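Same order as they appear, the protein sequences are chains V and A. Plus 27 on top of the position in the first sequence (first one is 1) and you've got this note's numbering. Plus 86 on top of the position in the second sequence (first one is 1) and you've got this note's numbering.
Hints may be right or wrong, so weigh each one.
[As the list claims (entries may be wrong)] Reference listing, derived: stretches of chain A covered by chain V, where coverage requires no fewer than 3 residues with Cβ under 8 Å from a Cβ of chain V:
#1 128-142
#2 160-166
#3 179-187
#4 328-334
#5 337-347
#6 452-462
Since the hints were made in silico from the structure, they are not lab data. Being a predicted model, the structure only gives us computed values, none of them experimental. We put the beta carbon where it would ideally sit given N, CA and C, even for glycine.
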Amino acid sequence: MKVGIIGIGIAGFRTSTPEYSWKELTYEAASRAYHDAGVDPRKDVKAFVTCAEDYWEGFGIFDEFTPDQVGGALRPVCTVCGDGMHGLATAFMQIKTGLVDVVAVEAHSKISDLLTYEGVVQHALDPIWNKPLRGHPFYVAGMEMNAFLRASGNNEKQCAAVVEKNRNNALKNGIAAYGSPLDLNDVLTSEKMFDPLKKLEISGLADGAVVIVLASDTAARKLKRKPIWVKGVGWANDSPSLETREWTQAKYAELAAKMAYKLANIRNPRSAIDFAEVDDRFAYKELQHLESLGLAKKGEAGKMTARGDTQIDGKFPVNASGGSLGCGDVVEASGLHRVAEVALQLRGDAGKRQLDGVKTGLAQCWRGIPSTSGAVAILGVGP
Amino acid sequence: MRKVAVIGAGMTLFRRRLMETPKELCFEASRMALDSAGVEMKDVDAVISGSAPDAFDGVHMKGEYYSDGCGAYRKPYMRVYVGGGTGVFSAIAGWYHIASGLADIALVVNEEKMSSCMPHPQSVFAYIWDPILDRPLKPNLVWIFAMEMNRYMTIHNIKKEDIARVAVKNKRNAVGHPCAQLADPNITVDDVLNSEVMAWPVQRLDISPPSDGAAAVVMASEDAVKKLKVETPVWMKGVGWCIDSTMWTDRDLYFPEYVASAAKMAYKMAKIDNPRKQIDFAEPYDPFDYKELHHMEGLLLCKKGEAPILTREGVTQRDGDLPTCPSGGLLGVGNPIAATMGQKIGELYWQLSGQAGKRQIPHEIKTGVANAWGDLMQYGSVVVMGV
Numbered sequence: 028m029k030v031g032i033i034g035i036g037i038a039g040f041r042t043s044t045p046e047y048s049w050k051e052l053t054y055e056a057a058s059r060a061y062h063d064a065g066v067d068p069r070k071d072v073k074a075f076v077t078c079a080e081d082y083w084e085g086f087g088i089f090d091e092f093t094p095d096q097v098g099g100a101l102r103p104v105c106t107v108c109g110d111g112m113h114g115l116a117t118a119f120m121q122i123k124t125g126l127v128d129v130v131a132v133e134a135h136s137k138i139s140d141l142l143t144y145e146g147v148v149q150h151a152l153d154p155i156w157n158k159p160l161r162g163h164p165f166y167v168a169g170m171e172m173n174a175f176l177r178a179s180g181n182n183e184k185q186c187a188a189v190v191e192k193n194r195n196n197a198l199k200n201g202i203a204a205y206g207s208p209l210d211l212n213d214v215l216t217s218e219k220m221f222d223p224l225k226k227l228e229i230s231g232l233a234d235g236a237v238v239i240v241l242a243s244d245t246a247a248r249k250l251k252r253k254p255i256w257v258k259g260v261g262w263a264n265d266s267p268s269l270e271t272r273e274w275t276q277a278k279y280a281e282l283a284a285k286m287a288y289k290l291a292n293i294r295n296p297r298s299a300i301d302f303a304e305v306d307d308r309f310a311y312k313e314l315q316h317l318e319s320l321g322l323a324k325k326g327e328a329g330k331m332t333a334r335g336d337t338q339i340d341g342k343f344p345v346n347a348s349g350g351s352l353g354c355g356d357v358v359e360a361s362g363l364h365r366v367a368e369v370a371l372q373l374r375g376d377a378g379k380r381q382l383d384g385v386k387t388g389l390a391q392c393w394r395g396i397p398s399t400s401g402a403v404a405i406l407g408v409g410p
Numbered sequence: 087m088r089k090v091a092v093i094g095a096g097m098t099l100f101r102r103r104l105m106e107t108p109k110e111l112c113f114e115a116s117r118m119a120l121d122s123a124g125v126e127m128k129d130v131d132a133v134i135s136g137s138a139p140d141a142f143d144g145v146h147m148k149g150e151y152y153s154d155g156c157g158a159y160r161k162p163y164m165r166v167y168v169g170g171g172t173g174v175f176s177a178i179a180g181w182y183h184i185a186s187g188l189a190d191i192a193l194v195v196n197e198e199k200m201s202s203c204m205p206h207p208q209s210v211f212a213y214i215w216d217p218i219l220d221r222p223l224k225p226n227l228v229w230i231f232a233m234e235m236n237r238y239m240t241i242h243n244i245k246k247e248d249i250a251r252v253a254v255k256n257k258r259n260a261v262g263h264p265c266a267q268l269a270d271p272n273i274t275v276d277d278v279l280n281s282e283v284m285a286w287p288v289q290r291l292d293i294s295p296p297s298d299g300a301a302a303v304v305m306a307s308e309d310a311v312k313k314l315k316v317e318t319p320v321w322m323k324g325v326g327w328c329i330d331s332t333m334w335t336d337r338d339l340y341f342p343e344y345v346a347s348a349a350k351m352a353y354k355m356a357k358i359d360n361p362r363k364q365i366d367f368a369e370p371y372d373p374f375d376y377k378e379l380h381h382m383e384g385l386l387l388c389k390k391g392e393a394p395i396l397t398r399e400g401v402t403q404r405d406g407d408l409p410t411c412p413s414g415g416l417l418g419v420g421n422p423i424a425a426t427m428g429q430k431i432g433e434l435y436w437q438l439s440g441q442a443g444k445r446q447i448p449h450e451i452k453t454g455v456a457n458a459w460g461d462l463m464q465y466g467s468v469v470v471m472g473v
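Input sequences plus hints: build the corresponding full structure.
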């Protein structure tokens, strides 16, 4: 059985959305996705998946608030505490069992409601060993950037080139919150926040919601839709403790990719995959992820970027959407947005940022500081 | 559809456990489950965890934090969270990991550490309400359950003592359970009826206690069961899950429609058309005594309003025709929300594989059903298991 994406809905992607509640934002994304898929959620969608974390939402039990805005009342709905891409993997599995044939996945960010972002992230650190050290938790990213650059031989200028590319790409993306014509120098001279990490290398937060409808091949045929196939999914964790994890590479990305490549029957990812949307919450992460995913040789991702290979017109476009740096960090919706973007490119619906002749794309996510949790999805077109 | 079996289970002591971190509780339960199944982490393809509010432990993304305690180091790992429904839903997540073909052996670990929430975990429940419609009224979970209990009693004209019989049965059943927190061999209906009134009609002994603990199960595909030569696999025959609208004030609380809907989904998959006849025993979710009755009706094991009568007649006793909560349930063993997987999925496994010791149902049993319930009186997760 094959599983494919038949509907995509995106809403928001602004630094704040005061006129919406998180329910209304999700409702908008859901309505668009159902319209796109040509389905009635009360009849055709057999199960629903939400991806959320209590602390981001400001609730004790957020699962309570998941059904109504996606049409899931009195239906099978579940919450996954993960990125939207973990939700995609959940829907993929639920369909593969044969129990349900159409599943909707939802992830959203209403992070502008959160007045204490730093404090919440701090609460994710080990309460005994790390939290008492205080300080902004992004110091973890600064330390990791340092470890990664030293070990891989990539440099700060190449990290800045990621920011220049992604924020300029975002100017071609109608929904992006952080499009800007800035250049390398602007990034290199921006304030050092968590040395060597600079202010412009950190993605700004944004509100946004993404809903994706998946279907089995049989259900897609019945609904007369031409799906973008989910050829492979993978997800993995490294050690959660700062003291024992891998700092120089993204082990979670490597393992998740291995799982997804196996499912998609891919031996040589660099030649089998045409483009990628990878996590770039911090600029160095794009380079680190490209290398861990096997899409760049170790130590080569920076050179690829500086040469322009990862530009929209380059040999291997990366984050043509603008990524998190350009579109905004939409927390748990980040990965699902990357999946949506890869699917839009493969459908030929990516507008001004459309890539030519792409057939297979990769989307990858990471759950942010201080997690070592990530997922990979490989999408493709074809019969 | 690929067949999936539970091949091992583990469960920690349920208590206020100040000396252990959430990671350590997860480790303890995981180790027990792996030993019981005779497998090691290298054999496990995926890890699934379940836990309720992060605010109990006071850790944001707590699933990530305790992941190494669950053995998820460098493994595919996912945490599911459907409020109190997590106790059974995470087993459903384990099922779809294997039934989909993505994993052959999966470890499911549920953890809850409520004692670090000071002064009482009830304070977390102040943040579960709609911020505009409910929160200004400063509601408390016991109050809304009192409303639900009252509605159920009023519609069916049920006497308080018939409900108290459930607490007595479960606390007595828990005697002999190695993890039990509130087992009591001598408790009587009068003890329950004379206990402190929390919010009428709910009294102290109608409620299960908050607790710390963890539970874990190992699941395997049919191929893995053969390869490992498992002697007593217990098969996952049916799964179902359902959530009702957030607007709990808009529905009639006397019957859990969402549990019935989840049960129908599970029974359809398990090819059960007459649950009362085809199911030999049940582990209905019993955080409050009336909930066991409510859930027996939701699980379609009896007619609406009939559950208190069956209880009074002794049908639901361990040696009765339809034993319910032979584990001692949440009322007897304790209620560390998600970790109650131990009394629900764990108990179905132990009973059906004949490993329940002093709690073993004396007659032959082939099929059991368990459910968990959560969120704002809106979530139902149901699993049917059999041999």
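Outcome of the hint check:
As drawn, the stretch 128-142 of chain A meets chain V at 4 residues by the rule of a beta-carbon pair under 8 Å; at three or more, the given contact holds. Residue count for the stretch 160-166 of chain A with a Cβ under 8 Å from a Cβ of chain V: 7. That meets the three needed, and the coverage hint holds. For the stretch 179-187 of chain A, the stated coverage by chain V holds: 7 residues have a C-beta nearer than 8 Å to a C-beta of that chain, and at least 3 were required. Counting residues of the stretch 328-334 of chain A whose beta carbon lies closer than 8 Å to any beta carbon of chain V gives 6, which meets the minimum of three for the stated coverage.
Chain V is given as covering the stretch 337-347 of chain A, and this holds because 3 residues of the stretch bring a CB closer than 8 Å to a CB of that chain, at least three being needed. Coverage of the stretch 452-462 of chain A by chain V holds in this model, with 3 residues showing a Cβ closer than 8 Å to a Cβ of that chain against a need of three.
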